[in-house]
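Peer 1: One-letter residues, chain by chain:
2 protein chains.
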Amino acid sequence: MRLKAIIRYDGTFFSGYQVQPNGRTVQGVMEKVLMKMHKGNHVRVTASGRTDQGVHAVGQVIHFDTELEIPPENWLRALNTMLPDDVEVISITDVPENFHARYDVSEKEYRYYILNAKEKDLFRRHYTHFVKEKLDLGAMSEASQHFLGSHDFSSFCAANSKVKGDKVREITDIAVDQDGENMIVRVKGTGFLYNMVRIIVGTMIEIGLGKRESEEITEIIAAQDRSKAGKTAPPQGLYLWEVNYNKKS
Amino acid sequence: MRLKAIIRYDGTFFSGYQVQPNGRTVQGVMEKVLMKMHKGNHVRVTASGRTDQGVHAVGQVIHFDTELEIPPENWLRALNTMLPDDVEVISITDVPENFHARYDVSEKEYRYYILNAKEKDLFRRHYTHFVKEKLDLGAMSEASQHFLGSHDFSSFCAANSKVKGDKVREITDIAVDQDGENMIVRVKGTGFLYNMVRIIVGTMIEIGLGKRESEEITEIIAAQDRSKAGKTAPPQGLYLWEVNYNKKS
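Going line by line, the protein sequences match chains D and X. At position 214 of the first sequence the residue is numbered 214 (full-length UniProt numbering), and the sequence of numbers has no breaks. At position 242 of the second sequence the residue is numbered 242 (full-length UniProt numbering), and the sequence of numbers has no breaks.
Simulated from the structure, these hints should not be mistaken for laboratory data. Given the structure is predicted, the values throughout are model-derived calculations rather than measurements. It is possible that part of the hints are untrue.
Any copy will do: because identical chains look the same in the list, a pair fits if it lies in one copy or spans two.
What the hints assert, rightly or not - Pairs of lysine to any residue residues, derived as SDA-like cross-links and limited to a Cα-Cα distance of at most 25 Å, are as follows:
| id | residue 1 | residue 2 |
| --- | --- | --- |
| 1 | K134 | K231 |
| 2 | K120 | D86 |
| 3 | K118 | D179 |
| 4 | K118 | V89 |
| 5 | K118 | R77 |
| 6 | K231 | S154 |
| 7 | K118 | V58 |
Please put together the full structure from these sequences, using the hints given.
Peer 2: Now the structure itself:
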């Protein structure tokens, strides 16, 4: 039986999502709990994609296979009882055997939280990116619209990325909103390159600060050169918000 | 020269304010930084009072003596550069040699944050106390008014407290407010017993849940018996908000 779970995690104390030799990871924590439930047998967990160290998730999706005969609602309780307090399973459902958490993704949404205030907030330092200088919402909004559609996003892909194949990705929706001192950038797309959202946001922040013009986005995209875009915004503001799938699941 | 500093800290990863043999403490971290600045000489830091493990501070006050001739604004920068990211100095000023951060306190304000919502918030688990069942704001507000004035607060003092002398304390102001899913209890007083605010809030929550009547407060206070009051609310919702002093400082 294949199960699909929506999980939420606080990325602060994880060395990212994906298992690695050293460091606590979300995948590692999930697989450890599943191993206990499966009498020591390893259960491989597959996610919609990785998230980096410090990046959070509100709606990450994973799948795994099991032969345990447990109703989904009991799975939810069992996992949440055994998981540490920085990972939470939101829902769990059985899906067809051919459902795949990564290959079947139709669209993903990320949100990036910026605290644009005079003073930083100690209690939110792991959950938002603090920018002291006033950001120009109008300029950032205008800039954001240049990202819409299909483009080669090489300029917005980490230089050390190991992505094979082309770097054309499609942004289907992007918006910047302000709620008091909180600024939120929402980005939806059918696929994302490594650090793509953080480089988009980092570049938009430079536009919001008046260091660049919003029209530059078109040129930066056309350049297909990472050095033309802005800095990579830090991980703590980023949330993997939602993952959508084709009809199968 | 005696300096007074207002400090802010995230209590999550501290074993409380006060130095102890094992465990990271706010006082320990402050004294370590000051020792570096004073070429290895120990500088004792005195606070307005302790806070427990997991309790936060927005306006804790400390004092210490120094012979270094550094202008206050440089002190601020130097300390904040050397302090870890969960402690922050908000202001630093020189005060008369007879100023004392603990003895001269005239009034303290604590705030307690409750998240009264259907779902807990993973990202605020260290910063608010989650209560799922709907709380009755009116009943809690009514209850709060019974605490006002001078009372023997033995019923609201941790049973293992080592307080000598009487347990009469004065609450000068208390209020409960709601802002969407956030409920905030504000308590001002001239002095507090060990765990006093957390037991007051824990008892008020039981009233908000309909497990007790708001009028019971008077009887609970009169009983002078810890077992008559409610549970101690957990530390993560509590913030030492402000400390006020007599004219001297």
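Peer 1: Checking an output row: K118 and V89, CA cutoff 25 Å. Within, between, both or neither?
Peer 2: Classified as between: cross-chain Cα gap 16 Å, same-chain 36 Å, threshold 25 Å.
Peer 1: As a check of your reading, is K134 near K231 (CA-CA no more than 25 Å) within one copy, between copies, both or neither?
Peer 2: Answer is within: at 18 Å inside a copy they meet the 25 Å cutoff, but 45 Å across does not.
Peer 1: I want to check one pair: K231 and S154. Are their C-alpha atoms no more than 25 Å apart within a copy, between two copies, both, or neither?
Peer 2: Within. Shortest intra-copy distance 14 Å satisfies the 25 Å Cα cut-off; inter-copy 57 Å does not.
Peer 1: At most 25 Å between C-alpha atoms: does K118 with D179 qualify within a copy, between copies, both, or neither?
Peer 2: Classified as both: same-chain Cα gap 15 Å, cross-chain 23 Å, threshold 25 Å.
Peer 1: My question is about K118 and V58: at a cut-off of 25 Å on alpha-carbon distance, are they close within one copy, between copies, both, or neither?
Peer 2: between (28 Å within a copy, 16 Å between copies)
Peer 1: Under a CA distance limit of 25 Å, which applies to K120 and D86: within one copy, between copies, both, or neither?
Peer 2: both (23 Å within a copy, 12 Å between copies)
Peer 1: My question is about K118 and R77: at a cut-off of 25 Å on alpha-carbon distance, are they close within one copy, between copies, both, or neither?
Peer 2: For K118 and R77, only the inter-copy Cα distance (17 Å) is at most 25 Å; the intra-copy one is 42 Å.
Hint violations for this structure: none, all hints satisfied.
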